[in-house]
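Q: Okay, here's what each chain looks like letter by letter:
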Amino acid sequence: MVGDLLTVKNLKVVFHTYRGIIKALNGVYLWVDKGKRLGVVGETGCGKSVTSLSIMRLIEEPGEVMEGEIIFDGKNLLELSEEEMMKIRGKEMSMIFQEPVSALNPVFKVGYQIAESISHAEGISIKEAYSKVKDALEMVGLDWKRVINLYPHELSGGMAQRVMIAMALVTRPKLLIADEPTSALDVTIQAQILDLLDELITKLGSSVILITHNLGVAAQFCDNIAVMYAGNVVEYASTEKIFSNPLHPYTKGLIKAVPRVSRKGEIEGIPGSVPDLVHPPSGCRFHPRCPAFIKGKCEKEKPELIEVEKNHYVACHLYKG
Amino acid sequence: MEEKAQISRWEPLIEDLKHTAYLWKKNKLAMFGGIIILAFIVVAIFAPVIAPYDPYEQNLANRLSPPSWEHLLGTDQYGRDIFSRIVWGTRIELKIIFLVTVISTSIGIVIGIVSGYFGGVVDEVLMRITDMFLAFPSLVLAMAFASALGPSLTNAIIAISIVSWTVYARLVRAETIKIKNMPYIEAIRSLGASTPRILFLHIFPMTVSPVLVQMTLRMGSIILSAAGLGFLGLGAQPPTPEWGAMVSDGRLYIMNAWWISTFSGFAIALVVLGFNFLGDGVRDIMDPRLRR
Amino acid sequence: MKLLSFILRRLFLMIIVLFGILVIVFFIAKIIPADPVGALLGGNAPPELVDELKHKLGLDRPLSQQFFDYIKGAVKGDFGVSLKTNRPVIEDIKEYFPATLELSIFAIIISVVIGMFLGIFSAVKRNSFIDHFSRVFSIMGVSMPVFWTGLLLLLLFYYILGWLPGSGRLSLFVLPPEQKTGLILIDSLLEGNWEAFWDGLKHIILPAFVLGYASSASIARMTRASVLDVLKQDYIRTAKAKGLPKRIVIYKHALRNALIPVVTIIGLRFGSLLEGAVLTETIFGWPGLGRYIVNALLVLDYPAIMGGTFFIALVYSIANLIVDIIYAILDPRMRI
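Residue numbers (my numbering), protein chains in the order written: chain A, 1 to 321; chain B, 1 to 292; chain C, 1 to 336.
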């Protein structure tokens with residue numbers, strides 16, 4: 001379970017709160033190869049964002065990384081100093097977020113913020129970087145003359161997301177982490193942004209981790225999909241395999257829950273609700289909701305992520321390696 | 001296997017209270033403030049029992065004597081026991097706080113709701129009037145009113161109320177505007193609810209919470225304003241044991257009888273401190289953002 | 001362009017408000033139940049003298065006429081003659097205002113420096129010693145009545161220790177500098193008059209600190225709250241994700257946003273400075289506008305009351321206007 005660009009091994013992250021300790025990530029395994037795109041899919045609260053922030057080492061109190069390895073391009077990120085990490089962030093690894101307008105600093109003009117990214121990545125002054133802002137804005141399909149002097153609150157959601165993409169990709173990162181980049185946008189704009197990302201990423205040859213709760217988006221954009229539930233990756237396979245042969249009961253439930261025009265009949269949801277991560281269910285965290293629950297096994301032992309068929313991994317007691 | 005999630009209707013409330021208790025305990029300062037204020041109220045209620053002497057009783061033979069066992073905080077220029085005067089002064093302060101708060105919140109709420117709900121010209125005019133009152137530093141305006149009406153405790157209370165309502169008016173107006181535009185108000189209106197009904201039953205209750213927070217935050221400054229007026233001679237008149245006036249009395253004797261001004265001023269500071277801690281605590285607890 | 005129209009609109013509003021202030025001040029003066037003429041002349045003055053004085057003061061004209069004259073005069077800067085000093089009120093104001101201005105400016109500088117430093121430090125180094133110290137310091141600052149703090153510090157530094165003078169702006173034996181700005185510290189610097197400068201400094205430091213203490217507490221709390229609030233925002237997360245060093249994230253990205261509300265607080269504090277000046281000037285015998293108004297109130301010198309109060313409101317309004325403008329410059333979202 002190794003990727004030649006990024007490998008996440010047994011990542012455990014907790015949050016200390018008034019209610020107790022939230023065991024957000026319970027031993028997450030993830031990997032991405034160079035030039036490939038991984039979709040991380042799951043319900044709200046399953047730990048997708050926490051995983052991405054951990055990879056960027058942006059987890060701060062009350063959160064804490066307890067265990068695990070994050071190997072990026074040969075280096076274990078969890079062992080790096082903050083200075084070394086800063087050289088990676090914004091340069092080799094970039095991130096874009098869900099609410100683009102509030103992710104931009106309201107008191108600085110758009111051009112300045114992009115120039116700042118360029119300046120940081122290339123080690124030049126912001127003034128020098130300014131000349132490259134034009135190309136960056138054109139790359140994302142914006143009218144640079146108009147946009148360069150605007151303030152974030154003057155942009156529409158779609159425009160702001162394009163600016164964020166410009167900021168993230170202008171440094172030609174090896175890995176782009178996109179945390180629900182289209183969830184806050186209108187459907188038509190979503191499609192545009194995804195097309196833009198597709199085009200730019202292909203040109204740059206970067207890898208992508210696309211986090212989304214929308215299976216359709218993941219299907220369209222990603223090579224591989226990792227399904228997460230309550231702090232674990234429960235299934236990992238190519239997009240094609242996930243849809244043609246989903247193995248984990250949760251994955252099956254997710255796919256059945258997506259309304260499709262071709263199918264008739266009721267939409268089946270997954271009964272029950274997302275577990276409380278302060279007192280998570282024992283053993284397999286999905287067992288209280290699982291239709292294939294094996295009494296005596298599933299609530300006692302946590303299933304590990306194992307390869308069940310070529311390049312198809314599942315964490316479930318129903319399957320042997 | 002299915003699990004039926006049973007959430008009783010009390011669970012969210014209990015969760016909320018638990019969270020409030022957690023925040024409260026964490027906020028030691030707020031608890032400390034609460035204790036001070038509690039003590040303040042207790043002293044005010046039991047003043048006749050707690051004070052060893054009559055606050056108006058003069059004893060010229062004993063004037064300007066330093067703190068001793070007979071007179072815990074010393075005596076003033078007329079031989080009156082400072083400790084007793086401070087104790088009885090709590091009643092005056094309490095009266096001031098209560099009346100000013102009631103008057104200013106009433107005016108503020110009415111103006112705020114009317115302004116926010118009806119909008120348009122009414123709103124513009126009322127807001128301009130509010131601006132006019134806000135254009136004065138409040139103590140200066142209170143001073144002007146207090147001296148114009150004639151220095152007395154009642155007039156001081158009126159004066160402070162006049163400069164205090166603006167805060168509530170603006171707050172309530174902002175809340176009213178928020179609520180006014182909510183869909184459920186539209187719904188009620190289309191069902192034929194009359195305007196007064198909407199104002200009383202639906203809008204007013206929603207403004208109570210932020211007003212309460214603001215009230216606690218402002219109590220400290222009410223005391224400071226009252227003490228300031230008292231200090232300048234524009235509040236309660238002698239021989240009433242108002243703390244600000246007592247500090248002013250002591251000023252003449254500061255060199256040889258420092259205790260008069262010092263202890264009176266300390267009483268003011270302590271009570272204001274209590275209200276500030278308490279107010280901060282209330283605000284922290286009620287602030288939805290900080291509740292995360 | 002947006003900025004300019006914003007400023008013009010605010011200016012226009014201010015003028016309307018100033019008019020309203022004049023109305024309020026006039027109203028205050030007219031509700032004074034005491035009879036100013038009687039107070040001046042004594043109870044047994046002959047009626048002709050009373051009438052003459054009444055006529056001279058314009059008190060025999062109908063109320064609306066008096067209001068009109070008052071407004072006319074105010075616009076010209078004529079507030080009548082002080083019943084106590086027998087000088088045009090405007091002259092009194094001109095004489096006493098610089099002292100208050102100097103005191104306020106000095107106090108604001110002290111409070112901003114102390115306040116911001118403590119506030120930023122507490123927010124960035126949470127729960128450290130400085131954080132706890134500054135919270136206690138701040139809360140004490142807004143709780144202690146200004147006249148009490150002033151009295152106690154006066155007791156300590158003047159009566160007991162004798163380090164600092166007790167009242168006034170300059171000692172009697174020091175030659176004051178030539179009046180250019182009316183601000184002693186500046187004027188003496190301009191002249192190179194070191195003796196006056198040091199003496200003036202010694203006189204101003206205590207009242208300015210007392211006046212500024214409450215404000216510094218407010219500013220510290222506001223700064224801390226604002227910085228903490230900003231640090232939670234999405235765009236700070238973006239800045240970190242861009243790989244920017246923590247120092248830049250805080251001092252550039254966070255502070256620029258966090259200081260915006262602080263600027264408004266500074267502006268508002270300027271107003272409370274003006275009212276604190278009233279009490280501080282009284283304690284320290286500082287010959288400023290605050291003390292002038294207090295004296296006027298106590299003897300019911302109503303031209304002085306009206307003129308002085310209006311002037312303070314005017315200064316306050318201008319200060320608020322400047323704050324609004326600065327706010328709009330700092331925060332582009334505000335230029336509506």
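Derived by calculation from the structure, the hints in this document are not laboratory data.
Please note that the accuracy of each hint is not assured.
Quick list of the computed label-pair ranges, beta carbon to beta carbon [unchecked claim]:
(1) Lys252(C) with Lys75(A): 26 to 34 Å
(2) Val110(B) with Ile318(C): 52 to 60 Å
(3) Gly205(A) with Arg283(B): 32 to 40 Å
(4) Arg251(B) with Lys246(C): 45 to 53 Å
(5) Val42(B) with Glu43(A): 32 to 40 Å
(6) His153(A) with Pro245(C): 21 to 29 Å
(7) Arg10(C) with Val110(B): 21 to 29 Å
(8) His153(A) with Ile45(B): 23 to 31 Å
Simulated pairs of lysine-lysine, BS3-like, Cα-Cα distance not exceeding 30 Å [claimed, not checked]:
(9) Lys180(C) with Lys109(A)
(10) Lys232(C) with Lys174(A)
(11) Lys174(A) with Lys91(A)
(12) Lys109(A) with Lys127(A)
(13) Lys12(A) with Lys36(A)
(14) Lys241(A) with Lys87(A)
(15) Lys252(C) with Lys232(C)
(16) Lys252(C) with Lys12(A)
(17) Lys145(A) with Lys75(A)
(18) Lys246(C) with Lys109(A)
(19) Lys252(C) with Lys174(A)
(20) Lys75(A) with Lys246(C)
(21) Lys252(C) with Lys28(B)
(22) Lys145(A) with Lys125(C)
Quick caveat, the model's predicted, so the values are computed rather than measured.
Ideal placement from N, C-alpha and C gives every residue a C-beta, glycine not left out.
Q: All hints, please: hold or fail.
A: Status of the hints after comparison with the structure:
Here the CB-CB span from lysine 252(C) to lysine 75(A) is close to 28 Å, well matched to the stated 26 to 34 Å. The given range of 52 to 60 Å is broken by valine 110(B) and isoleucine 318(C), whose C-beta atoms sit roughly 31 Å from each other. Between glycine 205(A) and arginine 283(B) the CB atoms are about 53 Å apart, so this pair departs from the stated range of 32 to 40 Å. Take arginine 251(B) and lysine 246(C): their Cβ atoms lie about 51 Å apart, and the range 45 to 53 Å holds.
A hinted range of 32 to 40 Å is violated for the C-beta pair valine 42(B) and glutamate 43(A), which are about 54 Å apart. A beta carbon spacing of about 27 Å between histidine 153(A) and proline 245(C) agrees with the range 21 to 29 Å that was offered as a hint. Range check, arginine 10(C) to valine 110(B): about 28 Å between beta-carbon atoms, so the 21 to 29 Å window is met. Hint check: histidine 153(A) to isoleucine 45(B), Cβ distance near 54 Å, so the stated range 23 to 31 Å is violated.
With a CA separation close to 43 Å, the supplied pair lysine 180(C) and lysine 109(A) exceeds the 30 Å bound. With a C-alpha separation of about 28 Å, the suggested pair lysine 232(C) and lysine 174(A) falls inside the 30 Å cut-off, and the hint holds. Straight-line distance between C-alpha atoms of lysine 174(A) and lysine 91(A) comes to about 8 Å, which keeps the hinted pair within the 30 Å bound. For the suggested pair lysine 109(A) and lysine 127(A), the alpha carbons sit about 14 Å apart, so the restraint of at most 30 Å is met.
With a C-alpha separation of about 25 Å, the suggested pair lysine 12(A) and lysine 36(A) falls inside the 30 Å cut-off, and the hint holds. About 37 Å separates the Cα atoms of lysine 241(A) and lysine 87(A), which puts this hinted pair outside 30 Å; it is violated. For the proposed pair lysine 252(C) and lysine 232(C), the alpha carbon gap of about 15 Å is at most 30 Å, so the pair holds. Of the pairs offered as hints, the one joining lysine 252(C) and lysine 12(A) is violated, with about 33 Å between alpha carbons and a cut-off of 30 Å exceeded.
This hinted pair does not check out: lysine 145(A) and lysine 75(A) have alpha carbons roughly 41 Å apart, beyond 30 Å. Note on lysine 246(C) and lysine 109(A): the hinted pairing holds, with a Cα-Cα distance of about 21 Å set against a maximum of 30 Å. Restraint check for lysine 252(C) and lysine 174(A): the C-alpha separation of about 27 Å stays at or below 30 Å, so the hint holds. For the given pair, lysine 75(A) sits about 22 Å from lysine 246(C) by alpha-carbon distance, which is consistent with the 30 Å threshold.
This hinted pair does not check out: lysine 252(C) and lysine 28(B) have alpha carbons roughly 34 Å apart, beyond 30 Å. Of the supplied pair hints, the one linking lysine 145(A) and lysine 125(C) is violated, its CA atoms being roughly 42 Å apart against a limit of 30 Å.
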